[in-house]
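Engineer: All chains should be modelled from the sequences, with the hints used to inform the complete structure.
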Amino acid sequence: MKEQSNIPTSKVERARRFVTTGLKVGTNYIKHYTRKLIDPSTTKESLHQDNAADIYDTLSSLKGSALKVAQMLSMDKGMLPKAYTEKFAMSQYSAPPLSGPLVVNTFVKTLGKTPAQLYDSFDMKASNAASIGQVHKAVKNGKELAVKIQYPGVANSVKSDLRIVKPFAIRIVGMNEVDMDKYFEEIESKLLEETDYKLELRRSMDLSDACAHIPNLVFPTYYPEWSSDRIITMDWLHGAHLKEFLQTNPSQEVRNSIGQALWDFYQFQVHTLKQVHADPHPGNFLMHPDGTIGIFDFGCVKEIPGDFYTNYFCLIDKEILKDEQRRHEIYTNLEMIHPTDTPKEIEFFSGLFQHMIDLLTLPFTLPTFDFGNEAYFNEIYAYMDELYNMKEIRESKVARGSRHSLYINRTYFGLYSILSDLKANIITDPARIAQLQR
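Just so you know, we're using my numbering here: the sequence shown kicks off at 1 and counts up by one.
Bear in mind the hints are in silico, worked out from the structure with no lab data behind them.
Cβ atoms here follow ideal geometry from the backbone N, Cα and C, with glycine treated the same way.
It is possible that some hints are incorrect.
[What the hints assert, rightly or not] Pairwise CB distance ranges (calculated):
(1) LEU246 - GLU392: 18 to 24 Å
(2) ARG403 - ASN105: 35 to 41 Å
(3) GLN252 - ASP358: 24 to 30 Å
Structural biologist: Here it is in C-alpha coordinates:
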(Lines of atoms letter the chains of each structure in order from A and count residues from 1; the text may use other names and numbers.)
(Lines give C-alpha, C1' and ligand atoms only; values in the text may rest on other atoms or scores of the structure.)
Protein backbone atom coordinates (compact mmCIF):
# COMPACT_ATOMS: atom_id res chain seq x y z
CA MET A 1 0.00 0.00 0.00
CA LYS A 2 1.33 3.45 -0.93
CA GLU A 3 2.70 5.47 2.00
CA GLN A 4 1.69 9.03 2.83
CA SER A 5 4.47 11.61 3.01
CA ASN A 6 2.24 14.15 4.76
CA ILE A 7 -1.14 14.60 6.42
CA PRO A 8 -3.08 17.87 6.10
CA THR A 9 -3.22 19.35 9.60
CA SER A 10 -4.65 22.84 9.08
CA LYS A 11 -8.40 23.31 9.43
CA VAL A 12 -8.53 25.11 6.08
CA GLU A 13 -6.79 22.36 4.14
CA ARG A 14 -8.80 19.58 5.82
CA ALA A 15 -12.05 21.47 5.12
CA ARG A 16 -10.99 21.92 1.48
CA ARG A 17 -10.54 18.15 1.12
CA PHE A 18 -14.07 17.58 2.44
CA VAL A 19 -15.56 20.19 0.09
CA THR A 20 -13.80 18.55 -2.88
CA THR A 21 -15.20 15.18 -1.81
CA GLY A 22 -18.67 16.69 -1.49
CA LEU A 23 -18.44 17.87 -5.08
CA LYS A 24 -17.41 14.36 -6.20
CA VAL A 25 -20.37 12.86 -4.35
CA GLY A 26 -22.66 15.40 -6.03
CA THR A 27 -21.24 14.41 -9.43
CA ASN A 28 -21.84 10.75 -8.60
CA TYR A 29 -25.51 11.53 -7.97
CA ILE A 30 -25.77 13.34 -11.34
CA LYS A 31 -24.21 10.34 -13.09
CA HIS A 32 -26.59 7.99 -11.27
CA TYR A 33 -29.74 9.90 -12.24
CA THR A 34 -28.48 10.24 -15.82
CA ARG A 35 -27.99 6.46 -16.02
CA LYS A 36 -31.44 5.98 -14.49
CA LEU A 37 -33.05 8.12 -17.19
CA ILE A 38 -31.49 5.85 -19.81
CA ASP A 39 -32.20 2.66 -17.89
CA PRO A 40 -35.01 2.92 -15.27
CA SER A 41 -33.98 -0.43 -13.77
CA THR A 42 -30.64 1.05 -12.59
CA THR A 43 -30.19 0.54 -8.84
CA LYS A 44 -28.27 2.64 -6.33
CA GLU A 45 -25.57 -0.01 -5.84
CA SER A 46 -23.06 1.61 -8.20
CA LEU A 47 -23.87 5.03 -6.67
CA HIS A 48 -23.12 3.67 -3.20
CA GLN A 49 -19.87 2.08 -4.43
CA ASP A 50 -18.69 5.33 -6.06
CA ASN A 51 -19.62 7.45 -3.03
CA ALA A 52 -18.07 5.00 -0.58
CA ALA A 53 -14.80 4.95 -2.55
CA ASP A 54 -14.58 8.74 -2.82
CA ILE A 55 -15.47 9.36 0.83
CA TYR A 56 -13.11 6.65 2.08
CA ASP A 57 -10.21 7.93 -0.04
CA THR A 58 -10.58 11.36 1.56
CA LEU A 59 -11.04 10.08 5.10
CA SER A 60 -8.11 7.65 4.85
CA SER A 61 -5.77 10.42 3.65
CA LEU A 62 -6.88 12.77 6.45
CA LYS A 63 -6.76 10.08 9.16
CA GLY A 64 -8.03 11.00 12.64
CA SER A 65 -11.55 11.43 13.89
CA ALA A 66 -13.21 11.55 10.47
CA LEU A 67 -11.79 8.13 9.60
CA LYS A 68 -12.72 6.87 13.07
CA VAL A 69 -16.38 7.77 12.44
CA ALA A 70 -16.22 5.69 9.25
CA GLN A 71 -14.77 2.82 11.26
CA MET A 72 -17.61 3.06 13.78
CA LEU A 73 -20.23 3.11 11.03
CA SER A 74 -18.65 0.04 9.38
CA MET A 75 -19.36 -2.00 12.52
CA ASP A 76 -23.09 -1.33 12.50
CA LYS A 77 -24.40 -3.98 10.11
CA GLY A 78 -27.74 -2.94 8.73
CA MET A 79 -27.13 0.78 9.30
CA LEU A 80 -25.28 1.46 6.04
CA PRO A 81 -25.56 0.15 2.49
CA LYS A 82 -23.18 -2.78 2.00
CA ALA A 83 -20.81 -0.78 -0.23
CA TYR A 84 -20.11 1.68 2.61
CA THR A 85 -19.74 -1.04 5.23
CA GLU A 86 -17.21 -3.00 3.18
CA LYS A 87 -15.16 0.04 2.19
CA PHE A 88 -15.19 1.69 5.62
CA ALA A 89 -14.20 -1.60 7.28
CA MET A 90 -10.76 -1.11 5.71
CA SER A 91 -10.16 1.64 8.28
CA GLN A 92 -10.02 -1.00 11.00
CA TYR A 93 -6.47 -2.03 10.11
CA SER A 94 -5.53 -1.15 6.54
CA ALA A 95 -5.53 2.62 6.01
CA PRO A 96 -2.57 4.08 4.04
CA PRO A 97 0.46 4.28 6.40
CA LEU A 98 2.77 7.23 7.12
CA SER A 99 6.16 7.48 5.47
CA GLY A 100 9.40 6.81 7.36
CA PRO A 101 10.49 10.45 7.82
CA LEU A 102 7.20 11.34 9.53
CA VAL A 103 7.59 8.33 11.84
CA VAL A 104 11.14 9.32 12.84
CA ASN A 105 10.06 12.91 13.37
CA THR A 106 7.39 11.77 15.84
CA PHE A 107 10.00 9.90 17.90
CA VAL A 108 12.44 12.79 17.97
CA LYS A 109 9.73 15.29 18.95
CA THR A 110 8.18 13.20 21.75
CA LEU A 111 10.96 10.95 23.07
CA GLY A 112 14.03 12.88 21.99
CA LYS A 113 15.53 9.90 20.17
CA THR A 114 15.15 8.11 16.86
CA PRO A 115 13.73 4.58 16.72
CA ALA A 116 17.25 3.28 15.97
CA GLN A 117 18.47 4.83 19.22
CA LEU A 118 15.63 3.36 21.31
CA TYR A 119 15.31 -0.18 19.96
CA ASP A 120 17.75 -2.85 18.79
CA SER A 121 15.80 -2.98 15.53
CA PHE A 122 12.77 -1.12 14.17
CA ASP A 123 10.82 -1.94 11.00
CA MET A 124 10.15 1.36 9.23
CA LYS A 125 7.34 -0.27 7.25
CA ALA A 126 4.06 -0.17 9.23
CA SER A 127 2.53 -3.55 10.04
CA ASN A 128 -0.93 -2.02 9.98
CA ALA A 129 -2.46 1.43 9.87
CA ALA A 130 -5.87 2.49 11.17
CA SER A 131 -7.70 5.72 11.95
CA ILE A 132 -5.76 7.28 14.85
CA GLY A 133 -2.36 5.66 14.46
CA GLN A 134 -0.26 2.91 12.92
CA VAL A 135 1.82 0.05 14.34
CA HIS A 136 5.45 -0.88 13.70
CA LYS A 137 7.39 -3.94 14.78
CA ALA A 138 10.54 -3.50 16.89
CA VAL A 139 12.93 -5.65 18.92
CA LYS A 140 14.56 -4.77 22.25
CA ASN A 141 16.70 -7.15 24.32
CA GLY A 142 15.45 -10.07 22.24
CA LYS A 143 11.78 -9.21 22.86
CA GLU A 144 9.41 -8.50 19.96
CA LEU A 145 7.55 -5.23 20.43
CA ALA A 146 4.61 -3.43 18.84
CA VAL A 147 5.07 0.33 18.62
CA LYS A 148 1.90 2.36 18.09
CA ILE A 149 2.43 5.84 16.63
CA GLN A 150 -0.23 8.55 16.50
CA TYR A 151 -0.69 10.49 13.27
CA PRO A 152 0.34 14.17 13.28
CA GLY A 153 -2.42 16.70 13.94
CA VAL A 154 -5.02 14.13 15.03
CA ALA A 155 -5.59 15.54 18.51
CA ASN A 156 -5.93 19.14 17.29
CA SER A 157 -8.39 18.35 14.50
CA VAL A 158 -11.06 16.35 16.39
CA LYS A 159 -13.56 19.17 16.89
CA SER A 160 -13.24 20.70 13.42
CA ASP A 161 -13.25 17.31 11.67
CA LEU A 162 -16.46 16.25 13.38
CA ARG A 163 -18.20 19.47 12.39
CA ILE A 164 -17.22 18.84 8.78
CA VAL A 165 -17.96 15.11 8.68
CA LYS A 166 -21.38 15.43 10.32
CA PRO A 167 -23.26 16.31 7.10
CA PHE A 168 -21.79 13.20 5.44
CA ALA A 169 -22.91 11.06 8.36
CA ILE A 170 -26.39 12.57 8.35
CA ARG A 171 -26.75 11.90 4.62
CA ILE A 172 -25.48 8.33 4.45
CA VAL A 173 -26.98 7.18 7.76
CA GLY A 174 -30.24 9.05 7.42
CA MET A 175 -30.24 10.15 11.07
CA ASN A 176 -31.67 13.58 11.73
CA GLU A 177 -29.49 16.44 12.92
CA VAL A 178 -31.00 16.44 16.42
CA ASP A 179 -29.70 12.90 16.97
CA MET A 180 -26.34 13.70 15.44
CA ASP A 181 -25.78 16.77 17.66
CA LYS A 182 -26.51 14.77 20.78
CA TYR A 183 -24.35 11.78 19.92
CA PHE A 184 -21.53 13.71 18.29
CA GLU A 185 -20.86 15.31 21.69
CA GLU A 186 -20.30 11.83 23.10
CA ILE A 187 -18.20 10.82 20.09
CA GLU A 188 -16.09 13.96 20.45
CA SER A 189 -15.33 13.27 24.12
CA LYS A 190 -14.29 9.69 23.35
CA LEU A 191 -12.15 10.69 20.36
CA LEU A 192 -10.34 13.30 22.44
CA GLU A 193 -9.59 10.56 24.99
CA GLU A 194 -8.34 8.27 22.21
CA THR A 195 -5.76 10.87 21.18
CA ASP A 196 -4.42 10.97 24.76
CA TYR A 197 -1.87 8.14 24.61
CA LYS A 198 -0.79 8.68 28.22
CA LEU A 199 -4.37 8.02 29.32
CA GLU A 200 -4.55 5.00 26.99
CA LEU A 201 -1.33 3.61 28.44
CA ARG A 202 -2.67 3.84 32.01
CA ARG A 203 -6.00 2.27 31.05
CA SER A 204 -4.27 -0.48 29.07
CA MET A 205 -2.17 -1.50 32.04
CA ASP A 206 -5.00 -1.18 34.58
CA LEU A 207 -7.67 -3.06 32.58
CA SER A 208 -5.27 -5.75 31.37
CA ASP A 209 -4.27 -6.41 34.98
CA ALA A 210 -7.90 -6.38 36.18
CA CYS A 211 -8.96 -8.93 33.51
CA ALA A 212 -5.84 -11.11 33.50
CA HIS A 213 -7.54 -13.86 35.54
CA ILE A 214 -10.23 -14.49 32.90
CA PRO A 215 -9.49 -17.78 31.07
CA ASN A 216 -8.06 -17.76 27.54
CA LEU A 217 -7.25 -14.06 27.37
CA VAL A 218 -3.80 -12.84 26.39
CA PHE A 219 -2.65 -9.26 27.06
CA PRO A 220 0.62 -7.58 26.10
CA THR A 221 2.97 -6.01 28.63
CA TYR A 222 3.26 -2.25 28.21
CA TYR A 223 6.45 -0.20 28.47
CA PRO A 224 6.04 3.38 29.78
CA GLU A 225 9.77 4.07 29.38
CA TRP A 226 9.42 3.74 25.58
CA SER A 227 6.07 5.53 25.37
CA SER A 228 4.99 9.17 25.12
CA ASP A 229 1.92 11.29 24.42
CA ARG A 230 2.02 10.02 20.79
CA ILE A 231 3.77 6.64 21.11
CA ILE A 232 2.87 3.45 22.97
CA THR A 233 5.24 0.48 23.15
CA MET A 234 3.94 -2.96 24.10
CA ASP A 235 4.68 -6.63 23.51
CA TRP A 236 4.09 -7.90 20.00
CA LEU A 237 1.14 -10.30 20.02
CA HIS A 238 1.02 -13.08 17.46
CA GLY A 239 -2.22 -14.39 16.03
CA ALA A 240 -4.71 -13.82 13.23
CA HIS A 241 -7.47 -11.26 12.84
CA LEU A 242 -10.99 -12.63 12.62
CA LYS A 243 -11.29 -12.90 8.83
CA GLU A 244 -7.93 -14.64 8.39
CA PHE A 245 -8.56 -16.84 11.44
CA LEU A 246 -11.85 -18.12 10.06
CA GLN A 247 -10.14 -19.00 6.79
CA THR A 248 -8.12 -21.62 8.74
CA ASN A 249 -11.41 -23.45 9.43
CA PRO A 250 -11.03 -23.67 13.23
CA SER A 251 -12.96 -26.34 15.11
CA GLN A 252 -16.22 -25.56 16.88
CA GLU A 253 -14.44 -26.17 20.19
CA VAL A 254 -11.86 -23.46 19.40
CA ARG A 255 -14.58 -21.06 18.20
CA ASN A 256 -16.51 -21.61 21.42
CA SER A 257 -13.41 -21.10 23.55
CA ILE A 258 -12.61 -17.75 21.94
CA GLY A 259 -16.25 -16.68 21.99
CA GLN A 260 -16.56 -17.54 25.69
CA ALA A 261 -13.38 -15.60 26.49
CA LEU A 262 -14.74 -12.53 24.70
CA TRP A 263 -18.13 -12.78 26.38
CA ASP A 264 -16.52 -13.15 29.82
CA PHE A 265 -14.13 -10.26 29.12
CA TYR A 266 -16.94 -7.86 28.32
CA GLN A 267 -19.32 -9.02 31.00
CA PHE A 268 -16.66 -8.72 33.70
CA GLN A 269 -15.78 -5.18 32.64
CA VAL A 270 -19.36 -3.98 32.39
CA HIS A 271 -20.73 -5.55 35.56
CA THR A 272 -17.68 -5.49 37.84
CA LEU A 273 -15.39 -2.70 36.66
CA LYS A 274 -18.17 -0.42 35.34
CA GLN A 275 -15.90 0.56 32.48
CA VAL A 276 -15.42 -1.25 29.21
CA HIS A 277 -13.16 -1.61 26.17
CA ALA A 278 -15.66 0.09 23.83
CA ASP A 279 -13.95 -0.54 20.50
CA PRO A 280 -14.74 -4.18 19.69
CA HIS A 281 -13.82 -4.22 16.03
CA PRO A 282 -11.86 -7.20 14.65
CA GLY A 283 -8.67 -5.18 14.29
CA ASN A 284 -8.25 -5.12 18.07
CA PHE A 285 -8.20 -8.90 18.54
CA LEU A 286 -5.77 -11.65 17.55
CA MET A 287 -7.03 -15.22 17.61
CA HIS A 288 -5.02 -18.36 18.19
CA PRO A 289 -5.56 -22.02 17.18
CA ASP A 290 -5.41 -23.09 20.85
CA GLY A 291 -8.64 -21.19 21.62
CA THR A 292 -7.04 -18.13 23.24
CA ILE A 293 -7.38 -14.51 22.09
CA GLY A 294 -5.05 -11.54 22.33
CA ILE A 295 -6.62 -8.19 23.26
CA PHE A 296 -5.08 -4.74 22.95
CA ASP A 297 -5.92 -1.11 22.17
CA PHE A 298 -7.70 0.36 25.19
CA GLY A 299 -7.86 3.82 23.62
CA CYS A 300 -11.66 3.86 23.66
CA VAL A 301 -12.91 3.04 27.16
CA LYS A 302 -16.45 3.91 28.23
CA GLU A 303 -16.95 4.57 31.94
CA ILE A 304 -20.51 3.59 32.88
CA PRO A 305 -22.42 5.94 35.23
CA GLY A 306 -24.21 4.17 38.09
CA ASP A 307 -27.73 5.40 37.30
CA PHE A 308 -27.38 4.50 33.63
CA TYR A 309 -26.04 1.04 34.51
CA THR A 310 -28.96 0.32 36.86
CA ASN A 311 -31.62 1.34 34.35
CA TYR A 312 -29.91 -0.19 31.32
CA PHE A 313 -29.64 -3.65 32.82
CA CYS A 314 -33.17 -3.53 34.22
CA LEU A 315 -34.09 -4.08 30.57
CA ILE A 316 -32.90 -7.67 30.90
CA ASP A 317 -35.27 -8.43 33.77
CA LYS A 318 -38.56 -9.51 32.21
CA GLU A 319 -40.33 -9.43 35.58
CA ILE A 320 -39.50 -5.75 36.03
CA LEU A 321 -40.66 -4.94 32.53
CA LYS A 322 -44.03 -6.57 33.19
CA ASP A 323 -44.75 -3.63 35.50
CA GLU A 324 -46.00 -0.97 33.08
CA GLN A 325 -45.31 1.94 35.43
CA ARG A 326 -41.77 0.74 36.21
CA ARG A 327 -41.10 0.12 32.50
CA HIS A 328 -42.27 3.65 31.67
CA GLU A 329 -39.93 4.99 34.36
CA ILE A 330 -36.95 3.04 32.97
CA TYR A 331 -37.66 4.12 29.40
CA THR A 332 -37.87 7.73 30.59
CA ASN A 333 -34.63 7.49 32.58
CA LEU A 334 -32.88 6.08 29.50
CA GLU A 335 -34.41 8.87 27.35
CA MET A 336 -36.11 6.36 25.09
CA ILE A 337 -39.35 8.19 25.68
CA HIS A 338 -39.59 11.84 26.65
CA PRO A 339 -41.73 13.95 29.01
CA THR A 340 -43.04 15.84 25.97
CA ASP A 341 -44.34 12.67 24.29
CA THR A 342 -48.09 12.35 23.85
CA PRO A 343 -49.81 9.21 25.21
CA LYS A 344 -50.01 7.95 21.62
CA GLU A 345 -46.25 8.49 21.11
CA ILE A 346 -45.46 6.79 24.42
CA GLU A 347 -47.47 3.74 23.43
CA PHE A 348 -45.94 3.67 19.94
CA PHE A 349 -42.27 4.03 20.95
CA SER A 350 -42.64 1.78 24.01
CA GLY A 351 -43.88 -0.99 21.75
CA LEU A 352 -41.04 -0.52 19.31
CA PHE A 353 -38.39 -0.50 22.01
CA GLN A 354 -39.88 -3.44 23.85
CA HIS A 355 -39.63 -5.65 20.78
CA MET A 356 -36.06 -4.50 20.12
CA ILE A 357 -35.11 -5.17 23.74
CA ASP A 358 -36.67 -8.64 23.64
CA LEU A 359 -34.51 -9.44 20.60
CA LEU A 360 -31.23 -7.98 21.76
CA THR A 361 -31.34 -9.23 25.35
CA LEU A 362 -32.30 -12.79 24.46
CA PRO A 363 -28.77 -14.19 25.07
CA PHE A 364 -28.79 -12.73 28.59
CA THR A 365 -31.97 -14.60 29.51
CA LEU A 366 -30.75 -18.10 28.60
CA PRO A 367 -28.16 -20.43 30.21
CA THR A 368 -26.37 -20.84 26.86
CA PHE A 369 -26.69 -19.19 23.47
CA ASP A 370 -25.75 -20.21 19.96
CA PHE A 371 -24.48 -17.10 18.15
CA GLY A 372 -24.31 -19.20 15.00
CA ASN A 373 -28.10 -18.99 14.81
CA GLU A 374 -28.48 -17.06 11.55
CA ALA A 375 -32.24 -16.77 11.93
CA TYR A 376 -31.73 -14.78 15.14
CA PHE A 377 -29.45 -12.24 13.48
CA ASN A 378 -31.58 -12.05 10.35
CA GLU A 379 -34.51 -11.11 12.56
CA ILE A 380 -32.45 -8.40 14.27
CA TYR A 381 -31.22 -6.91 10.98
CA ALA A 382 -34.70 -7.03 9.48
CA TYR A 383 -36.17 -5.23 12.47
CA MET A 384 -33.41 -2.60 12.48
CA ASP A 385 -34.03 -2.04 8.78
CA GLU A 386 -37.73 -1.64 9.53
CA LEU A 387 -36.96 0.93 12.24
CA TYR A 388 -34.55 2.77 9.94
CA ASN A 389 -37.25 3.21 7.31
CA MET A 390 -40.03 4.07 9.76
CA LYS A 391 -41.32 7.58 9.15
CA GLU A 392 -42.15 8.20 12.83
CA ILE A 393 -38.53 7.57 13.83
CA ARG A 394 -36.87 9.44 11.00
CA GLU A 395 -39.06 12.48 11.66
CA SER A 396 -38.83 12.36 15.44
CA LYS A 397 -38.12 15.79 16.90
CA VAL A 398 -36.12 14.39 19.81
CA ALA A 399 -33.10 12.11 20.03
CA ARG A 400 -34.14 8.84 21.61
CA GLY A 401 -31.70 7.13 23.90
CA SER A 402 -29.17 8.37 26.44
CA ARG A 403 -25.82 9.52 25.07
CA HIS A 404 -24.28 6.84 27.29
CA SER A 405 -26.11 4.18 25.33
CA LEU A 406 -24.17 5.06 22.17
CA TYR A 407 -20.92 3.35 23.17
CA ILE A 408 -22.54 0.64 25.29
CA ASN A 409 -24.82 -0.36 22.40
CA ARG A 410 -21.87 -0.13 20.04
CA THR A 411 -19.88 -2.43 22.33
CA TYR A 412 -22.58 -5.08 22.40
CA PHE A 413 -23.29 -4.82 18.67
CA GLY A 414 -19.59 -5.26 17.99
CA LEU A 415 -19.38 -8.22 20.38
CA TYR A 416 -22.48 -9.86 18.88
CA SER A 417 -21.07 -9.38 15.39
CA ILE A 418 -17.80 -11.15 16.24
CA LEU A 419 -19.59 -13.96 18.09
CA SER A 420 -21.88 -14.36 15.09
CA ASP A 421 -18.93 -14.62 12.70
CA LEU A 422 -17.33 -17.17 15.04
CA LYS A 423 -20.64 -19.05 15.27
CA ALA A 424 -19.78 -19.51 18.93
CA ASN A 425 -22.02 -21.46 21.28
CA ILE A 426 -21.29 -20.18 24.79
CA ILE A 427 -22.47 -19.93 28.39
CA THR A 428 -24.44 -16.71 28.84
CA ASP A 429 -26.04 -17.45 32.21
CA PRO A 430 -25.91 -14.27 34.37
CA ALA A 431 -24.64 -16.41 37.24
CA ARG A 432 -21.36 -16.71 35.34
CA ILE A 433 -20.61 -13.06 36.11
CA ALA A 434 -20.28 -13.91 39.79
CA GLN A 435 -17.95 -16.76 38.91
CA LEU A 436 -15.60 -14.32 37.20
CA GLN A 437 -14.98 -12.39 40.42
CA ARG A 438 -11.47 -12.72 41.72
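Engineer: Next step is simple, just say for each hint if it's right about the structure.
Structural biologist: A quick look at each hint next to the structure:
Distance hint check: the CB atoms of LEU246 and GLU392 are about 39 Å apart, inconsistent with the given range 18 to 24 Å. At roughly 37 Å, the beta carbons of ARG403 and ASN105 sit within the given window of 35 to 41 Å. Hint check: GLN252 to ASP358, Cβ distance near 28 Å, so the stated range 24 to 30 Å holds.
Of the numbered hints given earlier, the model fails hint 1 alone.
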